[in-house]
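Here the protein sequences line up with chains P and Z, keeping their order.
Residue 252 in the working numbering sits at position 252 of the first sequence, and the numbers go up by one each step.
Count along the second sequence starting at 1, add 322, and that's the number in the working numbering.
Hint data in this document are derived by calculation from the structure and do not stem from the laboratory.
Keep in mind that the hints are not guaranteed to be accurate.
Heads up, simulated SDA-like pairs for lysine to any residue below, C-alpha to C-alpha not over 20 Å straight-line [stated by the list, open to error]:
| hint | chain 1 | residue 1 | chain 2 | residue 2 |
| --- | --- | --- | --- | --- |
| 1 | P | Lys-50 | Z | Asp-430 |
| 2 | P | Lys-50 | Z | Glu-475 |
| 3 | P | Lys-50 | Z | Gly-484 |
| 4 | P | Lys-28 | Z | His-391 |
| 5 | P | Lys-80 | P | Lys-28 |
Note that the structure is a prediction, hence the values are computed from the model and not measured.
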Amino acid sequence: MTSTMTPNLQLTPDGRLRHLLTLDGLPKRILTEVLDTAQSFVSVGERDVKKVPLLRGKAVFNVFFENSTRTRTTFEIAAKRLSADVVNLNVNASSQSKGETLLDTVSNLSAMLADMFVVRHSAAGAAHLIAHHVAPHIHVINAGDGRSAHPTQGLLDMFTIRHYKGDFHNLRVAIVGDVLHSRVARSQIHALTTLGCPEVRVIAPRTLLPRDVSGMGVHVFNRLEEGLKDVDVVMMLRLQNERMQGARLPSAGEYYKHWGLTPEKLKYARPDAIVMHPGPMNRGVEIDSAVADGGQSVILPQVTYGIAVRMAVMSLVAGANP
Amino acid sequence: MMLPEPNALIDALAAQLAPVMGTDCALIGIHTGGVWLRDAVIQRLGGKCLLGELDVSFYRDDFAQAGLHAEVQPSRIPFEIEGRSVILFDDVLYTGRTVRAAINLLFDYGRPASIRLAVLIDRGGRELPVCADFTGLRQDFPAHEHIDLLRSEAGELSLVHGPW
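Model the full structure from these sequences, guided by the hints.
Written as structure tokens, this is what we have:
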């Protein structure tokens, strides 16, 4: 799958969002449309009746080949608030290692009259493959594929930044931690760049930086204190504990010492800087509890905004029919 | 065909509304022309009514054909709708589908005591059993003609028409 093919697959011939697979190459117009629409859905969440009838009669299938609590739950809530019927499937990834089997699963679910697939898979490109395969009236949303992309997380992060900071054009944003294994970081970088953020910093140990990082238009820092200096937004990444066994890092304690965000380190950022984390957090590894639960943390609002952003994405793709 | 000057129509509408607008009334405009119309009526009548705005995009019946409206705006009802007398404002009443959507939307906030409808122009062409309680002008327009209320930067209202 080349990235040049992706925008065509995601958009209808008249330029509307048909599938959401990656933020790489999506025009600013679409990102802004999602954020603006999400703003209207936030007000729906504040009412007694938190449902609107947009997707009444539609069947949304959450197909998760990889574990998730937060993402799957917020997609489920989002679909229900749009009045869709929701089916949740946790498919054991080990029995799904062949592409053919994945498409068979999708064909079977399509035969159950699915209108939309929300897909998480450990293999990069899984959602693209499904989007290629499905009938024209079916929409696909990528809920995380391998190390490649997690576009709704990137969008809800942008929504959160815009909510607290208003505009992207004067912001310094730092992304901190395990960038190498992070699909979230990739989506964040694409979205920030497209939305006009002038300075995106990546702060990570050399062993956790992707080789192509310099080509992504970011400033790389190898020391936390230096990278945090005067930033407006700190976006922490989860250190995947499973990687700790490898040679990339000495130990969780050692990582915390150099890369953990403590109240002392946060002082290098601007006093009104916000702290974000996509979850789940490793307290005492990449982030100190005093920061995670502190006054600058917007980690729980991120989760709440995630519902409105996913409602926006689902309703925009569902409304873009050929 | 010449369209009338909106200010004269708003005067006529305000005169009809004056006797019924109490302090317990809620004046709710449908985005965006209905909000402008409501504000223009308040400018003439004053008073301390409760104010709200509705965007009916999430309740439209043509979503499957047309998708989402390009610029959805947040709906805002910053008071209890339960038991309230509501006057709903829209600029042009045509098929009645927008009003149907607005009524459905309002009921997701609560059960109002009553809803009445105030429009600047009732242009006929109804496809649903909806009628206005207060009307600035009742006049038929050809089906191929589109009528819009516009507001300038300076806040001046004008009516324009043209093909869809």
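Now the hints, each set against the structure:
1. Annotation: proposed proximity of Lys-50/P to Asp-430/Z holds, straight-line Cα distance about 8 Å (limit 20 Å).
2. Between Lys-50/P and Glu-475/Z, the direct Cα distance comes to roughly 35 Å. Violation of the 20 Å bound is thereby established for this hinted pair.
3. At most 20 Å may separate the alpha-carbon atoms for a hinted pair to count; Lys-50/P and Gly-484/Z exceed this at roughly 38 Å.
4. For a cut-off of 20 Å, the pair hint linking Lys-28/P to His-391/Z stands: about 18 Å separates their Cα positions.
5. At most 20 Å may separate the alpha-carbon atoms for a hinted pair to count; Lys-80/P and Lys-28/P exceed this at roughly 28 Å.
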